[in-house]
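**Q** Sequence:
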Amino acid sequence: MPLLSDALQTADMLLIDDLHAFSFSLDEKGLSIECMDGRELKRWHFVPEAVSQARYDDSAGLWLIDDVDGPHRLACMDAIIAAEEENE
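Residue numbers for the sequence shown follow UniProt numbering, so the first one is 1 and each next one is one higher.
Hints were generated in silico from the structure; no laboratory data involved. Hints may contain errors.
Straight-line alpha carbon distances no greater than 16 angstroms define the calculated EDC-like cross-link-like pairs of lysine to aspartate or glutamate that follow [to be verified]:
| hint | residue 1 | residue 2 |
| --- | --- | --- |
| 1 | Lys42 | Asp67 |
| 2 | Lys42 | Asp78 |
| 3 | Lys29 | Asp57 |
| 4 | Lys42 | Asp18 |
Work the whole structure out from these sequences, hints included.
**A** Laid out in structure tokens, this is it:
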């Protein structure tokens, strides 16, 4: 069974509830995520127990993780990096 903590180790960005988040951290206090939604800063914090109990939905390709507000959809992603073009 996959673990969310393992997936977070290689992720460059997250997709949480359809919002892209580049600012996130996982430590002994849990998972913290921040992102801008227009002009509004959104923040989530998941305690370590929620991270360890996150469920992977293989058919949707995302994690389901709960906090006090209920379930959230979370996908771990690799950032797209554009290759530099050489000028001739």
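**Q** Now, for every hint given, state plainly whether the structure supports it.
**A** We went through each hint and held it up to the structure:
As the CA atoms of Lys42 and Asp67 are separated by approximately 14 angstroms, the hinted pair is consistent with the 16 angstroms bound. Proximity of Lys42 to Asp78 is assessed by CA-CA distance (about 21 angstroms); at most 16 angstroms being required, the pair is judged violated. Of the pairs offered as hints, the one joining Lys29 and Asp57 is violated, with about 25 angstroms between alpha carbons and a cut-off of 16 angstroms exceeded. Only pairs whose Cα atoms come within 16 angstroms are accepted, and Lys42 paired with Asp18 is accepted, the gap being roughly 12 angstroms.
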